[in-house]
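Participant: Next come the chains, spelled out residue by residue.
2 protein chains.
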Amino acid sequence: MLSKSQISFLKSLQQKKFRIEHGAFIVEGYKSIVDFANSAYSIVTIYYTNAIDPKLLKLSGKINFNEISLTDLEKISSLKSPQDIIALVKIPDWPVLNASSLKNKFAIVLDGIQDPGNIGTIIRTADWFGINHIICSADTVDVYNPKVVQATMGSLARVNIYYVELTHFLKDIKLPIFGAALDGSNIYKTDFGNEGLVVMGNEGNGLRPEIIDLVQHAVTIPRTGRAESLNVGIATAIFCSEIKRNSYK
Amino acid sequence: MLSKSQISFLKSLQQKKFRIEHGAFIVEGYKSIVDFANSAYSIVTIYYTNAIDPKLLKLSGKINFNEISLTDLEKISSLKSPQDIIALVKIPDWPVLNASSLKNKFAIVLDGIQDPGNIGTIIRTADWFGINHIICSADTVDVYNPKVVQATMGSLARVNIYYVELTHFLKDIKLPIFGAALDGSNIYKTDFGNEGLVVMGNEGNGLRPEIIDLVQHAVTIPRTGRAESLNVGIATAIFCSEIKRNSYK
Numbered sequence: 001m002l003s004k005s006q007i008s009f010l011k012s013l014q015q016k017k018f019r020i021e022h023g024a025f026i027v028e029g030y031k032s033i034v035d036f037a038n039s040a041y042s043i044v045t046i047y048y049t050n051a052i053d054p055k056l057l058k059l060s061g062k063i064n065f066n067e068i069s070l071t072d073l074e075k076i077s078s079l080k081s082p083q084d085i086i087a088l089v090k091i092p093d094w095p096v097l098n099a100s101s102l103k104n105k106f107a108i109v110l111d112g113i114q115d116p117g118n119i120g121t122i123i124r125t126a127d128w129f130g131i132n133h134i135i136c137s138a139d140t141v142d143v144y145n146p147k148v149v150q151a152t153m154g155s156l157a158r159v160n161i162y163y164v165e166l167t168h169f170l171k172d173i174k175l176p177i178f179g180a181a182l183d184g185s186n187i188y189k190t191d192f193g194n195e196g197l198v199v200m201g202n203e204g205n206g207l208r209p210e211i212i213d214l215v216q217h218a219v220t221i222p223r224t225g226r227a228e229s230l231n232v233g234i235a236t237a238i239f240c241s242e243i244k245r246n247s248y249k
Numbered sequence: 001m002l003s004k005s006q007i008s009f010l011k012s013l014q015q016k017k018f019r020i021e022h023g024a025f026i027v028e029g030y031k032s033i034v035d036f037a038n039s040a041y042s043i044v045t046i047y048y049t050n051a052i053d054p055k056l057l058k059l060s061g062k063i064n065f066n067e068i069s070l071t072d073l074e075k076i077s078s079l080k081s082p083q084d085i086i087a088l089v090k091i092p093d094w095p096v097l098n099a100s101s102l103k104n105k106f107a108i109v110l111d112g113i114q115d116p117g118n119i120g121t122i123i124r125t126a127d128w129f130g131i132n133h134i135i136c137s138a139d140t141v142d143v144y145n146p147k148v149v150q151a152t153m154g155s156l157a158r159v160n161i162y163y164v165e166l167t168h169f170l171k172d173i174k175l176p177i178f179g180a181a182l183d184g185s186n187i188y189k190t191d192f193g194n195e196g197l198v199v200m201g202n203e204g205n206g207l208r209p210e211i212i213d214l215v216q217h218a219v220t221i222p223r224t225g226r227a228e229s230l231n232v233g234i235a236t237a238i239f240c241s242e243i244k245r246n247s248y249k
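Chains A and B, in that order, give the protein sequences.
Each residue of the first sequence is one higher than the one before, starting from 1 at the first, in the working numbering.
Each residue of the second sequence is one higher than the one before, starting from 1 at the first, in the working numbering.
Please keep in mind that the hints were generated in silico from the structure rather than gathered at the bench.
Among the hints, a few may not be true.
Note that identical chains are pooled: a pair holds if it fits in a single copy or bridges any two copies.
Claimed, not checked - Capping the alpha-carbon separation at 25 Å, the derived lysine-lysine pairs in BS3-like fashion look like this: (1) K11 with K90; (2) K189 with K16; (3) K58 with K16; (4) K16 with K31; (5) K11 with K80.
For reference, chain A alone in the conformation it holds in the complex (with noise of 0.2 Å):
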């Protein structure tokens, strides 16, 4: 049973300012819960109803369990179809990026990405292809946003995202630096060598004109079809490919 406050609290963290207000968030279903509990991520209470048995997560460590109602679990979640088992998680501290860490490895940088699909896809999407770090503009959307969290099926619980003033950022990183842009060279003769950071414009104007002068190599997904553009989080997939397909050469 949630008491009326609780349920006002759980709903303020579908927005962002109450998110930051109360240093938490909101993961919605099993796999992703049972992801973030195997990763650094704290969780503070798991809400479930009588449809799920909590004992099945083998989740141990200082976690509230409280059964709800279907009716209150509703009330709190940011779904359409609801999947009987929600947790509320803190927000860690924002990581300090540390730049040796992008030695020899490949990062994603997001220069003002809106939509949360987008970034939540982008985010499993990395995941995927072992690709550990995102490194986002001030602006880009904020990953714990319902709908960010729930489209990055849990790999949100395992890549490292960090919020950068990005021009400054690019300035003083001493690493390859890939963009995506509509003018570039061919990306599949593109040699991406062994490091670096591939940047990601924004969805309706690309990368900002201050960004484009940082970026050292400009790279075009080229087009043999009409379409106006890529969506932006199938455009970093297919750059997340073609880094990864150099190994398996």
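Chain A is fixed; fit chain B onto it per the hints.
Facilitator: The following block gives chain B in isolation, referenced to the frame of chain A:
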């Protein structure tokens, strides 16, 4: 000005049964409407607010133009942020799939894709890569669903979509059949040749067993990280990219 019954009719087209009953669907936004106007589709009526000058569309033919209030436009829109212009478009007769039109090219086959955003993105991606034929199992989501139309960003006007009884179709076709699977051969070492079908499975379940039996080449995007799966739109894009990269060797 729209009557109550007009509003009710236009809103009803968000549901498949009314789209079938009336043989019409809705396209929203300036760019998409231009794409449909420059295609084989027939636009019946364009509804617009005074924020738009429909003459800019430079459309000819028997199209009705109907200036309406923003309030009415918001009522008939399926978008959170309506775009001041909505077209009522005729659903054409489903094209008959002529197997010879698939020779010497690639087509995407969808086995029970359910998410409108996924199929919309797949259509847009196919259009980018010049893949003009998408063949769907009968239970794949309807492409005239407003969320699909929106996600295609106008590409639906250019890509040919077919709904077929998939088992029969794959049994009869004389083309190489590739299928996305978790235990197939490495996509980066796969020679796709110059023609064939690429079959992508349902979001939760992958390919149906009876479809797997008909796949000649099971192909896998190798995982180097820890995500359990890739989004089907992402996986399809990586297949499209691998097929097309051959032409840049």
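Participant: What label fits K16 with K31 when the C-alpha limit is 25 Å: within, between, both, or neither?
Facilitator: Within one copy only: 24 Å inside a chain, 32 Å across chains, cut-off 25 Å.
Participant: Between copies, within a copy, both or neither: which fits K189 and K16 at Cα up to 25 Å?
Facilitator: neither (41 Å within a copy, 44 Å between copies)
Participant: How do K11 and K90 come out at 25 Å by Cα distance, when the copy is not named: within, between, both, or neither?
Facilitator: Classified as within: same-chain Cα gap 15 Å, cross-chain 42 Å, threshold 25 Å.
Participant: With identical chains treated as interchangeable, where does the CA-CA distance between K58 and K16 reach 25 Å or less: within a copy, between copies, both, or neither?
Facilitator: Close neither inside one copy (31 Å) nor across copies (43 Å); limit 25 Å.
Participant: From the Cα coordinates, with 25 Å as the cut-off, is the pair K11 and K80 best called within, between, both, or neither?
Facilitator: both (14 Å within a copy, 20 Å between copies)
In summary, the structure is inconsistent with hints 2 and 3 from the numbered list given earlier, while agreeing with the others.
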